[in-house]
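Spelled out, the chains give:
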Amino acid sequence: MGHHIIVCPADAALLNRLGGRAVVLRLTSLEDLDRAVGDARQAGALLHCAAVELRHPLGLLTLEERWKDIPIALAVPSVGRLRDVVGLMPLIRQMNIRIGLPADSAENLTGLRILASWGVACTATPGSGPIPWDRFSDLATYALFGLVPHGPVEPFDHLAKHYAANARTDFRGVWFEDPTRFVHMDASGRFAFSPAELAAGEFAGLTPDEVDRIDDSDFYRNRLESWRAVFLEKDGCASCPGWRICLGAFQNTARTEPRCRDAFGGLLDEIERHQASARKGRRELWQA
Amino acid sequence: MASLILKATEQCNSNCYYCDVVTKRGRGGSMSLEVLEQVFTRTNEYLENNPGERVELLWHGGEPLLLGPGYYRRAWELQQELCSGTRSRIHHAIQTNLTCFTEAFVEIFRLLGIGSLGTSYDPEPHMRGPGPGRDSDAYNRMFLRAVSLVERHGFGWGMIYVVTKRSLEHPADVFYFLTNFRLSGGLNLNPVLIYDEVRRDVAVTPEEFVEFLGAIFPLWWNHRARYPDVEPFKSLVTNIIDGGNSLACVDSGSCTYQHINIAPNGDTSQCGRSADWGLLQYGNIRDRSFDDILHDRQRDQLRDRITVIASGDCAGCRVWELCHGGCPLDAWSKHGDFAHKSEWCEARRGFIERYFEPISGRKFEPKGAFLPS
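Protein sequences appear in the order of chains A and B.
In this text, residue positions in the first sequence follow numbering that gives the first Met the number 0: the first is 0, and each later residue adds one.
In this text, residue positions in the second sequence follow numbering that gives the first Met the number 0: the first is 0, and each later residue adds one.
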């Protein structure tokens, strides 16, 4: 049995092929959550989480108490009205949930900060538009150095915990796109290392058994090494001070919107500062 | 430790724009197995005669991997046969462009005790690569493939970067590019050395080299835990701040009786450059022992040079202990004799006084070891 977590559509027929494997169920409606989780359990799959991507703001959702114990990665386009979200907070605080918002608007970056300040675990996801990098950096600073207790904000929390100077740390795992941990399955049962690669037909395997043996495949090895291609370009992401943590995650937009360079360069400094202060421990004030 | 610079082949596939080897006529030979056998015979003889000594055998070129893994296997066999009582005191190292590195080298390099590979790289397009246009893209793909293999098999690797005129446009980008490789070994920033007029377009002056280093030193200094092994910065920290003593051969003033360059035909010289220029020739290893070669009287002029320049060109220089007048071959290339300082001394001193000391806040305090008057 392979060690990869399989990100798959919540389809009973597909799940029946994944018994014994860890899965992330992809859903586009909360109404399907109970059925999907039931199907996964029925198939003997191990639920890593349900990744539910919705089109409605968080404040318009109806959450059910029976979902408290289901691990959920909830992606919504925006927070919506805060007064609506406040009404959901008692239940959200009891749930095993992370809430993702696209980082491509200043409002959402503020929304993430507010949610975190309410103790909610959050994730800044890439979105489809340009990211306001200054606000993104502010969110990182808050996530790493805010003194008032708050929920973890990804990908910053992941980097703070796992970044190591002499190893590769791919934060895209917080979006299920780390090829060492996740493979994505389409409705036809084919596998790739990201939704984009699925769409492009860059398949890592055609059966779960192939995924189990993926460590031995040249395709996998080449995929793990594909980050090196950035070093073929003299002026690309390889010459960025933040490359060590970004690993080219925004290389498609970096040419037209190079401010990610400053954002990740600064973030690397902050991660190192955060880790250094964690090593030193907290300062003890005098006592009377 | 005696250092043997083994030019096992002068063939090279890098075709670097700034390299002397590609412009020299009548070069390109490889060391025969007979000469290689002589290398190990002489090494054993030297180590038997000097029980406290060790030998570093640096495989150099040209491109030493062009010889193929079988050549290195034969070298290991010769070492086993001819150095049975001394081989524990032989340390192998290699300087390679890596592009020919394959799985087939892994085992034999492990047998030879090579745990880390020295290489070089240049992100500037068309500075190296096959063909008259120097297809750097093809070259870089081979290099990156090899680096992946090197890391997968657990070898360390370090890098020399040659600073050229083209490097001067974006020093910070160059620095980040090279350090983003996350080398397990060191990164050495060396100025390009051009001795002809044809390639003056890539030459840098000592002043330009100072400015290049000065532009990146703050980046390194502020994050030196992130970028630990960047030279010349790290050795200056060792010498100026930590009170240690760590200088490269060109600055140590002590290369005189330590190095032997061995050409493919067994001819010896002081180093690669002296061999290229026909200087400091010490004879062939078929005819002379390493002891004889290491104590050749011609070497005394390098020893005497230190005394001469300490009271001459370098008199009163406050950073003498960090430079010792620099490489004698530099002096020869400019003045036609060794009794002068290197023009790169100005770069050393300029960088220390204009960048290292002000930014680090630490002033170099000479220890008083053989100070110039």
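Worth flagging that the hints you see were computed from the coordinates, not collected in a lab.
It is possible that some hints are incorrect.
[Said to hold, decoys possible] Okay, the calculated beta carbon distance ranges per label pair:
(1) 165(A) with 247(B): 21 to 27 Å
(2) 52(A) with 110(B): 50 to 56 Å
(3) 244(B) with 165(A): 25 to 31 Å
(4) 353(B) with 146(A): 36 to 42 Å
(5) 40(A) with 110(B): 51 to 57 Å
(6) 93(A) with 242(B): 55 to 61 Å
(7) 225(A) with 364(B): 26 to 32 Å
(8) 285(A) with 171(B): 52 to 58 Å
(9) 167(A) with 206(B): 35 to 41 Å
(10) 43(A) with 169(B): 54 to 60 Å
(11) 291(B) with 277(A): 58 to 64 Å
(12) 115(B) with 225(A): 41 to 47 Å
(13) 53(B) with 247(A): 40 to 46 Å
Built from N, CA and C at the ideal position, the CB exists for glycine as well.
### Task
Evaluate the given range 35 to 41 Å for the C-beta pair formed by residue 167(A) and residue 206(B).
Given a distance of about 39 Å, which is inside 35 to 41 Å, the answer is holds.
### Query
In this structure, is the beta-carbon distance linking residue 225(A) and residue 364(B) contained in 26 to 32 Å?
50 Å, violated
#### Entry: Whether the CB-CB distance between residue 165(A) and residue 247(B) falls inside 21 to 27 Å
24 Å, holds
### residue 110(B) and residue 40(A) - C-beta distance against the hinted 51 to 57 Å
At roughly 54 Å between Cβ atoms, residue 110(B) and residue 40(A) fall inside 51 to 57 Å, so the hint holds.
### Query
Does the Cβ distance between residue 285(A) and residue 171(B) fall inside 52 to 58 Å?
Hint violated: Cβ distance 43 Å, outside 52 to 58 Å.
### Query
Is 55 to 61 Å right for how far apart the beta carbons of residue 93(A) and residue 242(B) are?
With a Cβ separation near 60 Å, residue 93(A) and residue 242(B) satisfy 55 to 61 Å, so the hint holds.
### Query
Does 40 to 46 Å hold as the CB distance between residue 53(B) and residue 247(A), or does it fail?
About 44 Å separates the Cβ atoms of residue 53(B) and residue 247(A), which means 40 to 46 Å holds.
### Query
Are residue 52(A) and residue 110(B) spaced within 50 to 56 Å by their CB atoms?
54 Å, holds
### Query
Lying within 58 to 64 Å: is that true of the beta-carbon distance residue 291(B) to residue 277(A)?
60 Å, holds
### Task
Evaluate the given range 25 to 31 Å for the C-beta pair formed by residue 244(B) and residue 165(A).
Roughly 27 Å apart at Cβ, these two residues keep to the hinted range, so it holds.
### Query
Range hint 41 to 47 Å: satisfied by the CB atoms of residue 115(B) and residue 225(A)?
At roughly 25 Å between Cβ atoms, residue 225(A) and residue 115(B) fall outside 41 to 47 Å, so the hint is violated.
### Status of the given 54 to 60 Å range, CB of residue 169(B) versus CB of residue 43(A)
56 Å, holds
Hints 7, 8 and 12, counting from the list given before, are not met by this structure.
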